[in-house]
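Starting from the known structure of chain L, arrange chain Z with the ligand on it as the hints suggest.
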Amino acid sequence: MVSYDSDGVKFSIDPSNDTDEYRSSVLRAPKQPLIVVPERLLNTTMPIFDSSLVKESDSDILHQHNGEPLGERIRVTGRLLNSEGRGLGGQLIELWQANAAGRYRHAVDDHQAPLDPNFTGAGRALTGDDGTFSFLTIKPGAYPWKNAPNAWRPAHIHFSIFGRAFTERLITQMYFPGDPLLAFDPIFNSVRQERVRNRLVANFDWEATQEEYALGYRFDIVINGHLGIPLEGQ
Amino acid sequence: MTIPTPSQTIGPFFHFGLEWMGEAGTQLAKRQHSITIYGKIFDGTDQPIPDALVEMIHHSIEGVQFGRAICDPTGKYCFNTAPPAQDDGAVIQLRIFARGLLQPLVTRLYLSDTMDEVLESVDPNRRGTLVATPTASGFCFDIYLQGPKETVFFAW
Ligand SMILES: [Fe+2]
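Residue numbers (numbering that gives the first Met the number 0), protein chains in the order written: chain L, 0 to 233; chain Z, 0 to 155.
These are computed hints drawn from the structure, not numbers from a lab. Watch out, some of these pointers could steer you wrong.
Using 25 Å as the maximum straight-line C-alpha spacing, the simulated SDA-like pairs for lysine to any residue come out as follows [as the list claims (entries may be wrong)]:
(1) L:K145 to L:E67
(2) L:K145 to L:R196
(3) L:K30 to Z:L118
(4) L:K54 to L:R39
(5) L:K138 to Z:R98
(6) L:K30 to Z:E149
Extracted from the complex, chain L is given alone in its bound form (with noise of 0.2 Å):
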């Protein structure tokens, strides 16, 4: 995928596969260049989500249990964008994440730190009218990982954005503002223009923060959606 920055200089958003610092692309990125072909022939329209497979309290990842996971309390909320900056309304979001400590519900998370026995971590909503989104949930921790020795990945959520035409499908990951780790993460790092990466970052938000309740964090999402349009230039 490209993308043209407002000069008119054509640069790519995704990050290369080809990138050695992140050890497990050693060997999983293919090494014959993409077969480039035009948007119209790859894309097929996805079909949509209602209300029956996604429900209004998936969104909340607080009370999915009989207690309350322990760890900070924040609000995410954004909204879902088209390049034009428009919204996009009724469409499927995922996402998932560790918890407080740093630990995934996950069989092969072998971090020694623990699990929550009432927090699962994952949920998912459909925008709203204006492509508004809003999930209640906790602050993931940091996690160690065997990328290098004493790797930390920084606190992060994974998103996942179905989209409503198969190019237009994208799983990111979402990050806090401010983290120490962020200057070292080979991931967060592999998307090489800063302007790009920064759309990685939340942004702390007044708004959406709950008073004597939980801190809200702005994580706006915007999706190339051109629909096999042409991109000026091409």
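For chain Z with the ligand alone, coordinates are given in the frame of chain L:
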């Protein structure tokens, strides 16, 4: 133009966040006839990848078919889907997400080697990597991320 949000890897721990759709996918796809497509995904040492997510989409006479499959511990993915519409070239599009992939890989599974505009743009020596093998249980489509059998992947 607003800068789009870039892709990041799905990582190894996605199962509990994304597996719910198995059920939803069934409800989305009510179909009369079905075919099975399956295969394994291999890394550069020809080891099957046990932690990939594969999504498929294609047209059929019963409408758009979408599916999401999580590879099993042996690296196998499997879809039961309606036969692709012939006027669509009998092709199924796949997107592979996995730890180690910062952006997903898009490929096309052809049920036969009937030429279309996309296949024409591929080096004839590599076209075979896009054609599934008919078997007793369906169509087998193994995907190689690297190596001499590397599958063709697409961008736009
Ligand atoms: Fe993660």
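Status of each hint after checking the structure:
1. L:K145 to L:E67: 31 Å, violated
2. L:K145 to L:R196: Since the Cα atoms of K145 (chain L) and R196 (chain L) sit roughly 23 Å apart, the hinted pair holds (cutoff 25 Å).
3. L:K30 to Z:L118: At roughly 19 Å apart (the allowed maximum being 25 Å), L118 (chain Z) and K30 (chain L) satisfy the hint.
4. L:K54 to L:R39: 33 Å, violated
5. L:K138 to Z:R98: Given pair K138 (chain L), R98 (chain Z) holds - Cα atoms ~23 Å apart, limit 25 Å.
6. L:K30 to Z:E149: The given pair, whose Cα atoms are some 8 Å apart, holds under the 25 Å limit.
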